[in-house]
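Undergrad: Spelled out from the first residue to the last, the chains are:
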Amino acid sequence: MKNKKLLMFWMIIALAIAAIVVIVKMPTKLGLDLVGGSRIVLEAQTTDTIAKITPDMMSSLQFAIENRVNALGVAETVVQQTGEKRLLVEIPNISDPAKAKEFLGETAELEFKKPLDNQYGATGWLPTGLTGKDVRKALISTNPGGQWVVALEFNDKGTKKFGELTQQLVGKPMAIFFNGELQSAPVIQEPILGGHAQISGGDSGFAYEEAKKMVDLLNAGALPVPAKIIEESLVGPTLGADSISKSKTAGVIGIGLVMIFMLLYYRLPGFIADIALIIYSLLVFAVFKIVPVTLTLAGIAGFILSIGMAVDANILIFERTKEELKAGRTLFTAINAGFDRAFTSIFDSNMTTIITCVILYFLGTSIVKGFALTLIIGVVISMFTAITVTKNFMHLLFGAGQLKHPGWFGIKQSEIGKAYEAKETKKEKAKFGILD
Amino acid sequence: MSETVLHQHKWIDVVKYRWVWFGLSLLLILPGFFAMGYLVLNSPQHMPVKVGIDFTGGTITQYSVKKDVANSEVASLRNNLTKAGIENPVIQVLKSNNTISKAENVEPSTVISVKTAFKSNDVTAEQKISDVVKADYPEAELVQVSSIGPSLGKELFINSMYALALAFLGIVVYLSFRFQVDYAVIALISLAHDALFVLGFFAILGIFFDVHIDALFITAVLTVIGFSNHDTIVVFDRIRENSRFLAKKASFPEIVNASVNQTLARSINTSLTTLITLLALYLFGGETTKDFVLAMIVGIAIGTYSSIFFASTLLDWWRERKDSQKGSASRQSEALKV
Numbered sequence: 001m002k003n004k005k006l007l008m009f010w011m012i013i014a015l016a017i018a019a020i021v022v023i024v025k026m027p028t029k030l031g032l033d034l035v036g037g038s039r040i041v042l043e044a045q046t047t048d049t050i051a052k053i054t055p056d057m058m059s060s061l062q063f064a065i066e067n068r069v070n071a072l073g074v075a076e077t078v079v080q081q082t083g084e085k086r087l088l089v090e091i092p093n094i095s096d097p098a099k100a101k102e103f104l105g106e107t108a109e110l111e112f113k114k115p116l117d118n119q120y121g122a123t124g125w126l127p128t129g130l131t132g133k134d135v136r137k138a139l140i141s142t143n144p145g146g147q148w149v150v151a152l153e154f155n156d157k158g159t160k161k162f163g164e165l166t167q168q169l170v171g172k173p174m175a176i177f178f179n180g181e182l183q184s185a186p187v188i189q190e191p192i193l194g195g196h197a198q199i200s201g202g203d204s205g206f207a208y209e210e211a212k213k214m215v216d217l218l219n220a221g222a223l224p225v226p227a228k229i230i231e232e233s234l235v236g237p238t239l240g241a242d243s244i245s246k247s248k249t250a251g252v253i254g255i256g257l258v259m260i261f262m263l264l265y266y267r268l269p270g271f272i273a274d275i276a277l278i279i280y281s282l283l284v285f286a287v288f289k290i291v292p293v294t295l296t297l298a299g300i301a302g303f304i305l306s307i308g309m310a311v312d313a314n315i316l317i318f319e320r321t322k323e324e325l326k327a328g329r330t331l332f333t334a335i336n337a338g339f340d341r342a343f344t345s346i347f348d349s350n351m352t353t354i355i356t357c358v359i360l361y362f363l364g365t366s367i368v369k370g371f372a373l374t375l376i377i378g379v380v381i382s383m384f385t386a387i388t389v390t391k392n393f394m395h396l397l398f399g400a401g402q403l404k405h406p407g408w409f410g411i412k413q414s415e416i417g418k419a420y421e422a423k424e425t426k427k428e429k430a431k432f433g434i435l436d
Numbered sequence: 001m002s003e004t005v006l007h008q009h010k011w012i013d014v015v016k017y018r019w020v021w022f023g024l025s026l027l028l029i030l031p032g033f034f035a036m037g038y039l040v041l042n043s044p045q046h047m048p049v050k051v052g053i054d055f056t057g058g059t060i061t062q063y064s065v066k067k068d069v070a071n072s073e074v075a076s077l078r079n080n081l082t083k084a085g086i087e088n089p090v091i092q093v094l095k096s097n098n099t100i101s102k103a104e105n106v107e108p109s110t111v112i113s114v115k116t117a118f119k120s121n122d123v124t125a126e127q128k129i130s131d132v133v134k135a136d137y138p139e140a141e142l143v144q145v146s147s148i149g150p151s152l153g154k155e156l157f158i159n160s161m162y163a164l165a166l167a168f169l170g171i172v173v174y175l176s177f178r179f180q181v182d183y184a185v186i187a188l189i190s191l192a193h194d195a196l197f198v199l200g201f202f203a204i205l206g207i208f209f210d211v212h213i214d215a216l217f218i219t220a221v222l223t224v225i226g227f228s229n230h231d232t233i234v235v236f237d238r239i240r241e242n243s244r245f246l247a248k249k250a251s252f253p254e255i256v257n258a259s260v261n262q263t264l265a266r267s268i269n270t271s272l273t274t275l276i277t278l279l280a281l282y283l284f285g286g287e288t289t290k291d292f293v294l295a296m297i298v299g300i301a302i303g304t305y306s307s308i309f310f311a312s313t314l315l316d317w318w319r320e321r322k323d324s325q326k327g328s329a330s331r332q333s334e335a336l337k338v
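The listed protein sequences derive, respectively, from chains Z and E. Take the first sequence: its letter number 204 is residue 204 in the numbering used here, and every next letter is one higher. Take the second sequence: its letter number 195 is residue 195 in the numbering used here, and every next letter is one higher.
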């Protein structure tokens, strides 16, 4: 019996050491609300020509958006599909959020159009079938007038189409539309067969930023479907740093006060609960890093709340153990009965917490999901530390004799023997080790 | 032996004063109830609490300024924004007096928050706001932007309502399975009691301090429901256990009283430790989660009250009514004998 308990003890210690190793070795994944950054949700939009968003469209949309996000040159960006027609984009430490936003929502549709044959003086442009898809590469360049222009290099198909088109349009203008806006409409002097073209910004020319943006967008590729930003949250780096330091302070103060309370109220068992609480924190953080759980402000709140729930199990057990001791039980049976009788309460109440957390996890937004996940992990681990770990430590420390120092449990000698007593069934007696 | 069980540490006789507790519950819930009614009739969204951009859609842009901002400055800022073409900007000045962080010099002293309608891909609006704010406060620093599309807001709201309904359902099903159905129904009523109080509390905060609830608030309410249920289960579990041992020796009200008193220290201590951690979060934690933590503090306080005084007495009252319906005749004959 004793050997089994000692084995368990060393297993718990080994687990705690493993947790420390994990915590030291593995990086913590911090959410954007803690490191600062921009989080954007894009939703693919149906149009007249696109009636339904298919999974294929979504994966090519994701590809195009990934290209654009990469063009921003920021490390550790995330582009992931959420739901049927949404993309979540996360850009940490962003310096120019407005630029990113501008970048993501643009369809970047480049179109070459020819003039409508206007016998009746009507003006307008007809599609030619030559689009941004036929562009192999775009470069920023200057024209002889010193203005910024966008130089295009067509692919083979584009070169052929562009050649034919310019042949048809000699002496007539050809319009270049970007995102539905007319950029310029130069008059074609001669057929262009080399597969190179230039977009100038009309008479006023492009500003450098304008030309650069168009080049980046063209190189990243047009979006297969238009996408709209439906959610955006941006956290500045100072607020993130502030949140981290504040959460640390709150966490340390919170755990510290709870530990002091447990020690003062429950004495020696309280001390054991405090050690169990430290092991609890270690295990939870190790699991956070292994899963990995991205820590957000709400997630940290969930963790700190779970500390309250973790000690709750111990409070239930200790109150029960005290009652059993007052009833004149030996330490061994009192501890066993305390744990066993409190177990149904702990299990039922934790189950309902898990039920609500699972619901939150599946129905909530990402911020709510973070909270639910950390709380679930906390509740499950607390069942282990508050029950298995505490019980093991208590048995090893107190042994099996009569209670010699009631003060250790915060009860008076005079209280013993006058208290509550429940009748055990034979089975329970066997379980608690009661000898009549 | 049952003598000692039932009469030891009898601090409170919950059953005897049940009308006091029912009355107190009513007194606690009614003001919030009126506040919710007032908001349903008078607020633009016709919701029982003031709902934030998470549910209505909109954009909030926050700048930090390292000085105090007077009310007159807010008015001029609003004018300037309107002139720049920003429709109906709502400006709030948030002061932060967190001494600990101030010492570390990371805490912005004043935060100017500008709320506008949602602009999807329009970058110019953001630029305009930033230009106007920076014209008045050159050292202003962008702290936070959150922006939610109106359709997404609606979806979030509907999802939150589903989550609430599902949580209630899940708890009732689980409790009916583990306990009896009437325990489950009464646990549910006491959860509704707690949820109503928290909602009412925030309705009142909404009216007087313009506090708007967000998606996190729903999370807080759900957590409170879980936690309060936690407390109620502990008491009910004790009633169940005591009923098993004492059913023949003691009446149900006596068992309820004994169970409440036996679990009293636990109920109070657990709430205390949780409230300690929450208070630490409220006083020293991040700004963003303040209202969320406050909702939990209020909810856990009321949850502790309801599990000690409300749920148990309601269970007793319910059993008494059921018994009197079942056997009023036999009861009467018994009374005659006495």
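There's no promise every hint is true.
Said to hold, decoys possible - Label-pair distances were calculated between CB atoms; the ranges are:
1. LEU6/Z with ARG321/E: 32 to 42 Å
2. VAL358/Z with SER72/E: 29 to 39 Å
3. LEU88/Z with VAL74/E: 28 to 38 Å
4. LYS29/Z with PHE22/E: 48 to 58 Å
5. GLU155/E with LYS212/Z: 33 to 43 Å
6. VAL24/Z with SER251/E: 54 to 64 Å
7. ALA135/E with LYS157/Z: 46 to 56 Å
8. LEU24/E with THR47/Z: 24 to 34 Å
9. LYS29/Z with ASP131/E: 31 to 41 Å
10. PRO138/E with VAL170/Z: 49 to 59 Å
11. PRO144/Z with LYS154/E: 48 to 58 Å
12. SER176/E with GLN413/Z: 41 to 51 Å
13. SER176/E with THR388/Z: 27 to 37 Å
14. LYS67/E with GLU84/Z: 40 to 50 Å
Stated by the list, open to error - Straight-line distance between alpha carbons at most 25 Å, and here's what the computed SDA-like set of lysine to any residue pairs gives:
15. LYS137/Z with ALA51/Z
16. LYS369/Z with LEU169/E
17. LYS119/E with ARG86/Z
18. LYS128/E with GLU102/Z
19. LYS154/E with GLY37/E
20. LYS16/E with LYS322/E
21. LYS16/E with ALA184/E
22. LYS115/E with SER233/Z
23. LYS134/E with GLU210/Z
24. LYS66/E with ASN179/Z
25. LYS134/E with ASN93/Z
26. LYS128/E with ALA207/Z
27. LYS160/Z with GLY145/Z
28. LYS412/Z with LEU268/Z
29. LYS119/E with GLN81/Z
30. LYS128/E with GLU209/Z
31. LYS322/E with VAL172/E
32. LYS248/Z with ASP291/E
33. LYS52/Z with PRO138/E
34. LYS52/Z with GLU155/E
35. LYS326/E with ASP182/E
36. LYS212/Z with ALA98/Z
37. LYS119/E with LEU88/Z
38. LYS85/Z with GLY37/E
39. LYS134/E with ASP96/Z
40. LYS99/Z with ALA84/E
Note that these hints are calculated values from the structure, not bench results. Think of the CB as a built atom: it goes at the ideal place given N, C-alpha and C, for glycine as much as any other residue.
Undergrad: If any of the earlier hints don't hold here, list their numbers in rising order.
TA: 1, 2, 8, 15, 24, 27, 33 and 38
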